[in-house]
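**Student:** Take a look at the letters that make up each chain.
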Amino acid sequence: RKEVEQDPGPFNVPEGATVAFNCTYSNSASQSFFWYRQDCRKEPKLLMSVYSSGNEDGRFTAQLNRASQYISLLIRDSKLSDSATYLCVVNMRGAQKLVFGQGTRLTINP
Amino acid sequence: GAVVSQHPSRVICKSGTSVKIECRSLDFQATTMFWYRQFPKKSLMLMATSNEGSKATYEQGVEKDKFLINHASLTLSTLTVTSAHPEDSSFYICSARDTSLAQGQGGYTFGSGTRLTVV
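Sequences listed follow chains A and B, in order. Start counting the first sequence at 1; every next residue gets the next number (the numbering used here). Start counting the second sequence at 111; every next residue gets the next number (the numbering used here).
Hints are supplied without guarantee of correctness; some may be wrong.
[To be verified] Quick list of in silico lysine to aspartate or glutamate cross-link-like pairs, EDC-like style, CA-CA up to 16 Å:
(1) B:K165 x B:D175
(2) A:K45 x B:D208
(3) B:K152 x A:D7
(4) B:K152 x B:D198
[Stated by the list, open to error] Stretch by stretch, here's where chain B covers chain A in the computed footprint (C-beta under 8 Å, at least three residues):
(5) 34 to 46
(6) 86 to 99
In case anyone wonders, no lab produced these hints; they're calculated from the structure. Every residue gets a Cβ at the ideal spot worked out from N, C-alpha and C, and that includes glycine.
Chain B extracted, bound-state conformation (with noise of 0.2 Å):
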């Protein structure tokens, strides 16, 4: 089945870092991959919509100059955290979909996630 590569799989950083957190589809060609994070007992939340070869498309409330993604090939999808505060410390998660399969099929797959702990 379709396989999505994230690392690292856990950060710790200094508060006024910048973190990037790569995403590979291993398998598939993905022209659209989807950045989400996720507190602690809470549900994932979309931060962003990665298209390839053109901007991002963030949700309400994301600031993208914060969250910086790039999607320069079909299958790497990368998001960086600049400027990083403890706040910013969360579960981010990465998604791809393998548009070979249906919609009803799912075809989404997650990478492990990274967790994030800013100091």
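This is chain A alone, in the form it adopts within the complex (with noise of 0.2 Å):
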């Protein structure tokens, strides 16, 4: 089983919808959580930590659920900029390194 686990897409949308992005985990050991962005040939860029009593920034909404080990992304009124790969990432306590998802593709259409 994979340490995080996403939902790979594509996900392709039309402009002002409203796009969910799920994430699951494995070990019961992570302690911060994080969605990244990644444009195409580009690297990673943080979009938004997430707080386990969630936590909203703009259009994007993150949650956490640390009994089911579930992180979820909520982008309203979407944007054609907001076509990107958004990465799901989780760090583990007393770790240092990053463990990222496969990333979920995601086309606005206008």
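Taking the hints as your guide, dock the two standalone chains into a single complex.
**Tutor:** Here it is in structure tokens:
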């Protein structure tokens, strides 16, 4: 079983739609959780950290369910510029390295 | 914010030659840097963790004699792909963590990546 699993997509949705991404992680010792965004042929960039209480940043909402070992990302009112691959990333307690999911590719259509 | 500079951004080399990739933290010190490779439409796979002043820690299945890592200062780590072959063609990305940030704040900054093509 992979340490971090995501639906690889691709997701093709019209502009303005709401998109939801899901991610599960296998190691209960995981401590920190992130969503990264990666554009084609570019490096990943931090979109947002995910906190236990859930957090929101503009059109983006991230949630964490530790009991189910499940992380989600919701994008509201999607824009063309949201087209990218979204990576679910986990860091275990006491470890420095990040573990990446395989990414979910999103295309927003005009 | 923290910046990591990675060079070169693109390199084409002949089979059998070696290629060195540099990763620098520009405005913070990084005792630990990470090297990843990414194949097309795949996620990042950690190759090794580079530790300043000591040996790198390699992930299972990564040949340490093929992928030489040197982390001689708090701001520079290098990855050398030795005796490169076409199957080594990939996107190599480094990352460094700004330890002044709490772990939950992320603090991991990535270089812009190096696209290696071995012909």
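**Student:** Output the indices of the hints that this structure fails to meet, ascending.
**Tutor:** Of the numbered hints, all hold.
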